[in-house]
Amino acid sequence: MKLVIAMVPNRLTRRVRERLLAEGVGYTQLASTGGFLRTGNTTLLICLPAARVNDLLAALAEVCEPRKTTLNMPGADQHSYANPAGRVEQISVGGLFAMVLSVDQVVHL
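In the numbering used here, the protein residues as written are 22 to 130.
None of these hints come from the bench; they were simulated from the model. Keep in mind it's a predicted model, so treat the numbers as computed, not measured. Ideal placement from N, C-alpha and C gives every residue a C-beta, glycine not left out. Mixed in with the good hints there might be a few duds.
[Unchecked claim] Subject to a maximum C-alpha distance of 20 Å in a straight line, what follows is the list of computed EDC-like cross-link-like pairs (lysine to aspartate or glutamate):
#, residue 1, residue 2
1, 89, 110
2, 23, 125
3, 23, 44
4, 23, 76
[To be verified] Per label pair, the in silico range of CB-to-CB distance:
#, residue 1, residue 2, range
5, 61, 83, 36 to 44 Å
6, 75, 112, 27 to 35 Å
7, 87, 127, 29 to 37 Å
8, 92, 129, 42 to 50 Å
9, 123, 93, 38 to 46 Å
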């Protein structure tokens, strides 16, 4: 058995849950915050047989495509809010971050 810990942007959570249910995959959902932009995320705990992990990750990747956003980057003088030397950069955010761990035992009581 494997435990997949998947961090999904809040804006994609509903689509991911629908996809998991369509695939017959159960999950536990936790609210979480983190990442570079400190945006809201949903953490999904998914326990399933090792043989299904690659299919699960492929399905999640289809739903969780990253998007582009604009970020104001400070210049050399980081203490000035109106720094003309600052620059605007377009970065990729969102997408899927997942960890796959081995599970020694699953107990249902």
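Outcome of the hint check:
For the given pair, residue 89 sits about 10 Å from residue 110 by alpha-carbon distance, which is consistent with the 20 Å threshold. In summary, the hint linking residue 23 to residue 125 is supported, as the alpha carbons are separated by about 9 Å, within the 20 Å threshold. For a cut-off of 20 Å, the pair hint linking residue 23 to residue 44 stands: about 16 Å separates their Cα positions. Distance check on the hinted pair: residue 23 and residue 76 sit about 13 Å apart at the alpha-carbon level, within 20 Å; holds.
Restraint check, residue 61 to residue 83: a C-beta distance of roughly 22 Å breaks the suggested window 36 to 44 Å. Judged by the Cβ atoms, the range 27 to 35 Å given for residue 75 and residue 112 holds: they are separated by roughly 28 Å. For residue 87 and residue 127, the hinted distance range of 29 to 37 Å is satisfied, since their beta carbons lie about 32 Å from each other. Separated by about 45 Å at the C-beta atoms, residue 92 and residue 129 satisfy the suggested range of 42 to 50 Å.
A beta carbon spacing of about 42 Å between residue 123 and residue 93 agrees with the range 38 to 46 Å that was offered as a hint.
Comparing the model with each earlier hint shows a violation of hint 5 alone; every other hint is respected.
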